[in-house]
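Novice: Model the full structure from these sequences, guided by the hints.
The chain contents come next:
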Amino acid sequence: MLEYFVDIVEHRHEYARDWKERTGGKVIGFFCTYVPEEIMYAAGILPVRILGGMEPQDYSESHILGMYCPFCRDCLAEGLKGRYDYLDGVVQTRSCQHMLQAFQSWTIHIPLPYSYFMGMPSLVQADRAPTFMRAETGDFARSLEAWTGKTLRDEDLDRAIETYNTNRRLLRKLYELRKADPPIISGTEVAAVVLSSCISDKAEHSRKLEELLEALPRRSDPPSSATRIMVVGSENQSLELFRLIEDAGANIVVDEMCTGSRYFWNEVVPQEDRLSAIAQRYLDRPPCPLKDVLERKRLEHVLNMARDFNVAGVLFLQQKFCTPHEFDIPALAELLKENAIPTYALELDVTMHEGSIRTRTEAFLEMLQLELV
Amino acid sequence: MSDLYKTERLEAYDWGKELRLKHLKGTGTARDEGRFLAIGNMNFPKELLIGLGDFEYLAGEPWSVSINHEGGPELTAQCLEEVEKRGYSRDLCGYMRVYWGSMFLGRGAWGPFPTPDLVTFQADCDSRGKWYQKVSEHWGVPWYCVEGTHHSVDGTTKTKEHALQYLLDQYTDFIEWLKVTFHKEYDYGKLLEGTANAFRSRAYWGEVVQLQRAIPGPLDYKLLLPFYMAIEYYAYEDECVAMMKALRDEVKYRVENQIAAVPNERFRVFHEGLAPWYALYLFTYIRQRGVNILGGSHNYNFLLPVQKPTEDGSFAPEDPVNWDGVPKTWQEGIRFRAMHQLYVEKVISDTRLRTNVLRVSQQAWKAQGIIFMYDRGCEFFNIGQTEVKAALQKEGVTTMVYETNRVDSAEWAWPQVQDACDSFLESIGVPQMVS
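In order, the protein sequence lines correspond to chains A and B.
Mapping of the first sequence onto the numbering used here: position 365 corresponds to residue 365, and the numbering continues sequentially without gaps.
When you read off a place in the second sequence, starting at 1, and then add 373, the result is the number in the numbering used here.
Hints are computed from structural coordinates only; laboratory data are not their basis.
Note that the structure is predicted; figures quoted are calculated from it, not measured.
Hints may contain errors.
To be verified - DSS-like mimics (lysine-lysine), calculated; alpha carbons at most 25 angstroms apart, straight line:
#1 K81(A) to K767(B)
#2 K320(A) to K458(B)
#3 K507(B) to K337(A)
#4 K458(B) to K337(A)
#5 K379(B) to K390(B)
#6 K297(A) to K739(B)
#7 K320(A) to K507(B)
Stated by the list, open to error - To be clear about the criterion: a stretch of chain B counts as covered by chain A if any three or more of its residues have a C-beta under 8 angstroms from a C-beta of chain A, and this derived list gives those stretches:
#8 453-465
#9 522-532
#10 758-764
Virtual Cβ for every residue (Gly too), placed ideally from N, Cα, C.
Specialist: Following this line, the structure appears as structure tokens:
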């Protein structure tokens, strides 16, 4: 059952090509989870998140400075290598500067029939943000209509919203199962489910996810009991990383990452004006640290998650040079420490240093076990 | 190398330096003198504070430069270490790290770090929002944040009307917040004066920037420094307008009389990126070879700071400064300020636009090459830096790259930079120095 999700992650390009052939639809790559996918889906497009290949590369070095995060450089490298040659377009929204650069370099060097940059408030919690965000989603919708020649009707948007909300609800259900000790599903397996959701047709994904949720209680080989930890950070595109961490003696039982819970945690709440509802969903989602300026909602959100899922420690998975997360880590570490939850930061690069990650994780887990004793 | 041109001291330069010190040092005495002290980032629209009364503004970026330049390497190192001790990464914004260190230690270049009455900031780059989030938490005084990001990268100077309105609404919300928070009347007449002054300062500066096209260049990199900072820092003041007018007149005189900043100017280059403040001898090294570093898009405050975006989104640096636009109402004034903010943000963020700006400017200012500073202490000014360089290089423009951090000298490797300079200068035809 889980093989389906792992297969999509490991053969993401084949999946997208196959989808295109089966449906005759267009595929658009997006760089950040603040891009409102529902609008593309309503237009009959398959949105897929652009991920890196985690291979040694020198494709992006002449386009993006080495002090920008490895993830943005890796994403661009995958494009330059031609791995995303099936894309009909790329979309990015105003999130961080690193992904902005990856998007711009992509559009300069990999011209595609469609590219779009959507504005997005930095101050998502500001009173004025919804009006601006609504205007931007409207412009995006009109741009897609002009490109596809398809008018986006309320029924189309409703269908997309419901498809996405269903997938989000199912993923939340999956996360709920992780509260058990030991959890019925490992962190690595859950990562495969969420990552595959970012890069596949949500309707198909939900069908398989429903089957998985149905089958899981009868599972004969659940994970063994181990130290319960939470992972916090930006992107992780590698199932191998989670496997390494769990093999060191941990159960990753929850995350606060944009390739994890931040991607799906909240739903679109219906409104008469569908685009307003979609816009509001992206303003209300658990914020990326960059967007969490006015209220600092993120600290409390992470703490609540750590408590709800009863974790013994938090591992920060820090993409090297990712500024927004570098800002939040000291504040998060302090807050968690005050609440008797130890933390440790692992720095991620384009490629993974297996030995170093294993040693550090083992050291952290040993420390947690001493704390538990 | 014999001189080709006569040179004279630039009188306005001392005024520029004095005004800078007056403001930076004034932050320590403002409250005792009955003015309120606001702190925040330099490009916050400070004009909006004028209606509340007399104030001084502690702008983070020049404050960090003052630690680096006047406070010296020891204080800078202490500041940086203090921030690292608190768990912050070394690759975060260089200005911010120095500033935070100064704030945590409670020390500046001339005395204690002053206690503010309020914190006001503009979230535009990835650092500034989080930078002053921490500052507001540190001081526990009233704070307000507006947004200043541009929201398109289409290679043009166009701004969407709703993006402009978004910013304008935040400005007017901020004014309302000031009234309520400080229980004071707000003087909209003063706001108009401030915005009009800022317009005039920028317009004079726009003329100076155009005059810098002359051969020999009337100014060089060093002479630009106090003025481009003034434009971002206190352009709203009467004194700044007066200074900029005096500068414009003096520069005009210099151009008419062939008075050079670099008397043996034989070559002209641009410098893209801010300076490594602890190693300004880099510029002297280049200057003494008969090369005038004319400035760059940052030093010119993005070249045409007073131009409104054109209808078709084109960019034309030869356009005259638009004096007709001086605001006549405060609403016009803040609209102009918002447009200026979005324009500057767009030129920085939009790689295609910046490439076009630099291409046109390099030709119009007759620069034989461009030096690109890859700044490990600032991600914002590095957006597109490599792409811009590559695009112009492909078109035949001679370029040089050096990588460092504008305030952290631990990342400075002078022998390496010197080698790069020598190769670059040789490639544009500058004769080798006889040792």
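Novice: For the pair we were handed, K379(B) and K390(B), check the Cα-Cα distance against 25 angstroms.
Specialist: 24 angstroms, holds
Novice: State whether the coverage of the stretch 522-532 of chain B by chain A holds or is violated, taking the criterion as 3 or more residues with Cβ-Cβ distances under 8 angstroms.
Specialist: Since three or more residues must qualify, the claim that chain A covers the stretch 522-532 of chain B holds, with 5 doing so at under 8 angstroms.
Novice: Below or equal to 25 angstroms on CA atoms is what counts here, so check K320(A) against K507(B).
Specialist: 21 angstroms, holds
Novice: Below or equal to 25 angstroms on CA atoms is what counts here, so check K320(A) against K458(B).
Specialist: Answer holds: K320(A) to K458(B) is near 19 angstroms, not above 25 angstroms.
Novice: For a C-alpha distance cap of 25 angstroms, please report whether K297(A) and K739(B) respect it.
Specialist: 51 angstroms, violated
Novice: Sort out whether K337(A) lies within 25 angstroms of K507(B), counting only the CA atoms.
Specialist: Holds, because 19 angstroms separates the two Cα atoms, which is no more than 25 angstroms.
Novice: In terms of beta carbon proximity below 8 angstroms, does the stretch 758-764 of chain B have 3 or more residues touching chain A?
Specialist: holds (count 4)
Novice: Hint check: K81(A) vs K767(B), CA-CA at most 25 angstroms. Holds or violated?
Specialist: Distance of about 21 angstroms is within 25 angstroms: holds.
Novice: Straight-line Cα separation of K458(B) and K337(A) no greater than 25 angstroms?
Specialist: Answer holds: K458(B) to K337(A) is near 17 angstroms, not above 25 angstroms.
Novice: Counting residues of the stretch 453-465 of chain B with a beta carbon closer than 8 angstroms to any beta carbon of chain A, are there 3 or more?
Specialist: holds (count 6)
In summary, the one numbered hint that this structure violates is 6.
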